[in-house]
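Undergrad: What follows is each chain in one-letter form.
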Amino acid sequence: MIFKTLTLNNFRVFNGQTTIDLDPRKEGMFERPIILFGGLNGAGKTSILTAIRLALLGKRALGAVITKKDYLSYLNEQTNKTATKAQQDAESSITLSFSHTHQGKHNLYEVTRKWQLESDEKLTLTINGEQDTSLNSEQVQAFLHEIVPPGIGDLFFFDGEKIAELAEDDTGSYLKEAVQKLLGIDIINRLSNDLDIYLKGLGAETADKDTLKKIKAAEDQKKQITQQVNTTRDKADSIGAQLTELKNKIAAKEHEIQAQGGAWAKTKDQEQAKASELIELEKELTAKIRQELSGSLPMALAPTAMQSLIEQLTSDQQIKQAKAFGNELVQALPNLESALNQKFDTQSSDIMATVNSYFGQLVNQTALAEPKLDISDSEFALINAQVTEASQSQALIKELSTALTQTQNKLSSLSINIERAPDAADLHELYTSLRELEKQRDTTSKEYISELLKAKEFKAKELELAKRLEKDYSKLKNNHSADKAVERVELSQYVLQDFKHALTELRVTQLEELFVKAYRKLARKEDLKLSAKIDPTSFDVNLVDAEGVIINRKSMSAGEKQIFAFAILEALGKLSGKVLPVVVDTPLGRLDSKHRDKLIKHYFPEASEQVILLSTDTEVDEDFYQAIEHKVSHAFEIEFNQHTNCSTLREGYFWAELAQEAI
Amino acid sequence: MLPQTMWLNKAVEEQLQTLKGKTGVTPNVAARIAFFRSIEKGFIFNKEKDYKLSGSLKLDKFTWLGKTQMVTELLLKQRYPEYSDKELQTAWAAHVEDGIATIRNQRDLVNLIHNINTA
Chain A
1 MIFKTLTLNN FRVFNGQTTI DLDPRKEGMF ERPIILFGGL NGAGKTSILT
51 AIRLALLGKR ALGAVITKKD YLSYLNEQTN KTATKAQQDA ESSITLSFSH
101 THQGKHNLYE VTRKWQLESD EKLTLTINGE QDTSLNSEQV QAFLHEIVPP
151 GIGDLFFFDG EKIAELAEDD TGSYLKEAVQ KLLGIDIINR LSNDLDIYLK
201 GLGAETADKD TLKKIKAAED QKKQITQQVN TTRDKADSIG AQLTELKNKI
251 AAKEHEIQAQ GGAWAKTKDQ EQAKASELIE LEKELTAKIR QELSGSLPMA
301 LAPTAMQSLI EQLTSDQQIK QAKAFGNELV QALPNLESAL NQKFDTQSSD
351 IMATVNSYFG QLVNQTALAE PKLDISDSEF ALINAQVTEA SQSQALIKEL
401 STALTQTQNK LSSLSINIER APDAADLHEL YTSLRELEKQ RDTTSKEYIS
451 ELLKAKEFKA KELELAKRLE KDYSKLKNNH SADKAVERVE LSQYVLQDFK
501 HALTELRVTQ LEELFVKAYR KLARKEDLKL SAKIDPTSFD VNLVDAEGVI
551 INRKSMSAGE KQIFAFAILE ALGKLSGKVL PVVVDTPLGR LDSKHRDKLI
601 KHYFPEASEQ VILLSTDTEV DEDFYQAIEH KVSHAFEIEF NQHTNCSTLR
651 EGYFWAELAQ EAI
Chain B
1 MLPQTMWLNK AVEEQLQTLK GKTGVTPNVA ARIAFFRSIE KGFIFNKEKD
51 YKLSGSLKLD KFTWLGKTQM VTELLLKQRY PEYSDKELQT AWAAHVEDGI
101 ATIRNQRDLV NLIHNINTA
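Chains as they are written, first to last, in our numbering: chain A, 1 to 663; chain B, 1 to 119.
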C-alpha cells in the first residue's frame, strides 16, 4: 500500500481544499521512502496524521469503543473554523488515494469521507477512477478495515510521543489485537469462532430444527394428554367413590329391608293362609275335644269309683238273678214234688227234702240280700258300654290334645312370622328407594366405565406419543451422531486451537528475535546485551538483561520506552509482512541525540516503502536532515497564517529550500 | 234319684263361667268333670254342713249331666244311700265345688285336658 495523495477540504487548520502529494518519488534505482513534513507547533502536522487515520479507520481512529454521536460531534469539531464562520453547514472532506494490491489485483483506490454539520458522514470508494456505488458507507469502511485492520493502524500511524504507552503496557492488551492480527492468529480465531457459530447456529441446531420442533410439539401434546389422562382418572376415581357409596347405600337399604322382615313379607300371604288353616284345625280340634268332654269322658276321670260302682252293680245283678232263680224254683217245686211222688213213692219225701235243703240253702243265701243299686240289665249293659266308651274317649282326647298343642305351637310360630312381616305398604317405600339407588348405581357404573374407557384411550394416545417421541429422540440422537461434520468441526477446533498455540509460540519467538534485532539496531551500546521475552498468552513484552533478569519497564525513561516501542513496531511490521506506510508524528520528541541518531539512520529509512514523518524543526534539524536526505522523496513545510487562522503547505523543508535557494 | 232341676253354689257357678271364658268348656260339662274328679278323690259330703245352693243357673238334670246322668246318680246313691233326692242334689253341688277347685284356674283347654288327664 502506497499513499498517493491526500486531499483535505475544510479540515482542521486547512481552509478550502489542500492536496498533498504523498507518492514517494524514485531517483534512478534508489527508492526514497521518506516524505517529510516540517511544521512548528500548531501548524497542522497532527492534522495530517489525523486525516490519514480518519480516512482509513473512520470511527475506530478514535478508539475501540466510540458511539456514533461522539464520532459525529468529533467530526464536526474537525471542520475548519474559518469555513464554518463563512458558512454554517460548510462541507468538510478527506480524500485519500492509495495503490493497493487486493485479491491479486493492483488497483488505485480513492477514499472520500465527507461530512456536514449535524449529519452523517458519507464514505465513498473509487476504484481505478470509477466510483463503486454498490457499496454503502459501512461496506466501504469494512473494506478499509480489511486492508488496514484497526489494531494495526495504531501501530503504523502513530504519534511518537504516545507510542511510549506501548512500552508501559504490561497487560498485553495494546499489543494483543495487533499481534494477533499481524501474525494471522486472528484468522485462526475467526475461523474458530465461525466454526462455533456454525456449530451453535447453523450446525446441529438448524439440522435438527424440524425434529426439535416436532419433539416440542409432541412433548406439548403429550403433556396435554397426560393432563387429560390424569383429569379423566381423577374423575373416574371420584365416580368410583360415588359408586362404592351407592353400593354401600344399597347394601344398607337391603339390610334395612331384611331387618324389617322383608323375607317374611314375601311369604306373608302364604303364612296367613296356613295360619287360617291352622286356626280352622284348632277350632275343629277344640270342638272335638269339647264334644268328647261333653260325652262319657268324665267317667274315665274316676276309674276307681267306677270300678267299685261296676262291682256293686255286678253283685246287685247276681243278687237279682239269685232271687229270680229262687222265685222260679219256688214256683217249680210243687210240680217237682208231685212228679217225684209219682215216680218215687217212698223215697219221694227224702228226695224232696234233699232238693229243698239244697235249694233252700241256695235261695236263702240270697233271700236276705237286697240289691243296693237297682238297675235293669239293659241299664247295666249301657253303663258297661259307657265305661268302655269313656276310656276310648280318654285316649282320643289325649290324641286330640296333642294335636291341638301342635297346632297351637305351629300357629304361634307362624303368627310370630306374620307379626314380623311388615306390611307391603311399609316396605314399598324402602323398595322404591332401593330401586332408585340401584338405578343410580347403574347410571354411575356406566359413567364410571365410560370414564375408564376414556382414560384408557387417552393413555393409549399418550403411549403412542411417547413412542413417537422416543423415535424422534433417537432420530435426533442419530442426527447428532450422524452429523460427522459436527465432530469434524469440533476436532478441527481442537486442531486449530493447537495450531494457534503453536503458531503463536512460533510467531512470538520470531517476534522476539526480530525485536532483539530491531532493538539492538536502535539501542545504545550498553543496551546491546538485552533481549526480549514475550508471553505467548498475554503478549506482555519483557526486557531481559544479560543475566536473564527481567527489567522493570516502568523504571525505564520516556525515551527508552519510545525506543522500545519503535523496536516492537519494527519487529511487528517485519513479521507481519504487511506493506503499510508508516506515519509518525513527533517521532523524536523525548529522545537523546544518540537515540535520535539511531532512529534517523536505522529506523525511518527501513521502516517501510513509504514513511511519512511529521516533524518540528528541532526534531529533524539540519544534521539529521542531511543524514536522511538521500532517503527523502520530498518534503513539505506547513505554515500557519495567524491572520487567516489557516495553514498552507509549501514544498520544501525549513532550510532545504533555503539551501536550494542558496545554491 | 236327683231332682229334675238342679243348681249350684253361686261362687262355683261364677268359677264355671270364668272357666268357660278361658277354655270354652261349658259350665255343665265342666261340672261333670269336676264331679267325677271329686268322686275319684274320695271326697265325702257331710249333709250336716250348711251348704247353700245360691246359684242362678238353674238347669234341668239332663242338661247338667248328659250321658253321665245314670252313672252320676248311681255313684251318688252308692256313696250316699240314705240321702233324699234333695240331699243328693246338694251333695252333687258340693262335689262339683270340690272338683272344680283344682281346675278352675286352668288357662286354656289344652292345659285343662293336661290337668285332668294327669291328675
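To be clear, the hints were calculated from the coordinates, so they are not data collected in a lab.
Don't take every hint at face value.
Claimed, not checked - Pairs of lysine to aspartate or glutamate, EDC-like flavour, derived with a Cα cap of 16 Å:
no., chain 1, residue 1, chain 2, residue 2
1, A, Lys283, B, Glu87
2, A, Lys372, B, Glu73
3, B, Lys77, A, Asp374
4, B, Lys47, B, Asp98
5, B, Lys67, A, Asp220
Stated by the list, open to error - Ranges of calculated distance between the beta carbons of each label pair, as one might list FRET restraints:
no., chain 1, residue 1, chain 2, residue 2, range
6, A, Ser413, B, Glu14, 16 to 22 Å
7, A, Gln272, B, Asp60, 26 to 32 Å
8, A, Ser413, B, Gly21, 34 to 40 Å
9, A, Leu368, B, Phe43, 30 to 36 Å
10, B, Gly21, A, Glu311, 36 to 42 Å
C-beta atoms are modelled at their ideal positions from N, C-alpha and C, and glycine is treated no differently.
Undergrad: Work down the list of hints and note, for each, if the structure agrees.
TA: Verification of the hints:
For the suggested pair Lys283 of chain A and Glu87 of chain B, the alpha carbons sit about 40 Å apart, so the restraint of at most 16 Å is broken. Distance check on the hinted pair: Lys372 of chain A and Glu73 of chain B sit about 13 Å apart at the alpha-carbon level, within 16 Å; holds. Distance hint between Lys77 of chain B and Asp374 of chain A is fulfilled; the C-alpha atoms sit about 10 Å from each other, no more than 16 Å. As the CA atoms of Lys47 of chain B and Asp98 of chain B are separated by approximately 14 Å, the hinted pair is consistent with the 16 Å bound.
At most 16 Å may separate the alpha-carbon atoms for a hinted pair to count; Lys67 of chain B and Asp220 of chain A exceed this at roughly 112 Å. Range check, Ser413 of chain A to Glu14 of chain B: about 35 Å between beta-carbon atoms, so the 16 to 22 Å window is missed. At about 44 Å, the CB distance of Gln272 of chain A to Asp60 of chain B disagrees with the hint of 26 to 32 Å. With their beta carbons about 26 Å apart, Ser413 of chain A and Gly21 of chain B fall outside the hinted range of 34 to 40 Å.
In this structure the hint that Leu368 of chain A and Phe43 of chain B lie 30 to 36 Å apart at CB holds, the actual value being about 32 Å. In this structure the hint that Gly21 of chain B and Glu311 of chain A lie 36 to 42 Å apart at CB holds, the actual value being about 40 Å.
Consistency with the previously given hints fails for numbers 1, 5, 6, 7, 8, ordered from lowest to highest.
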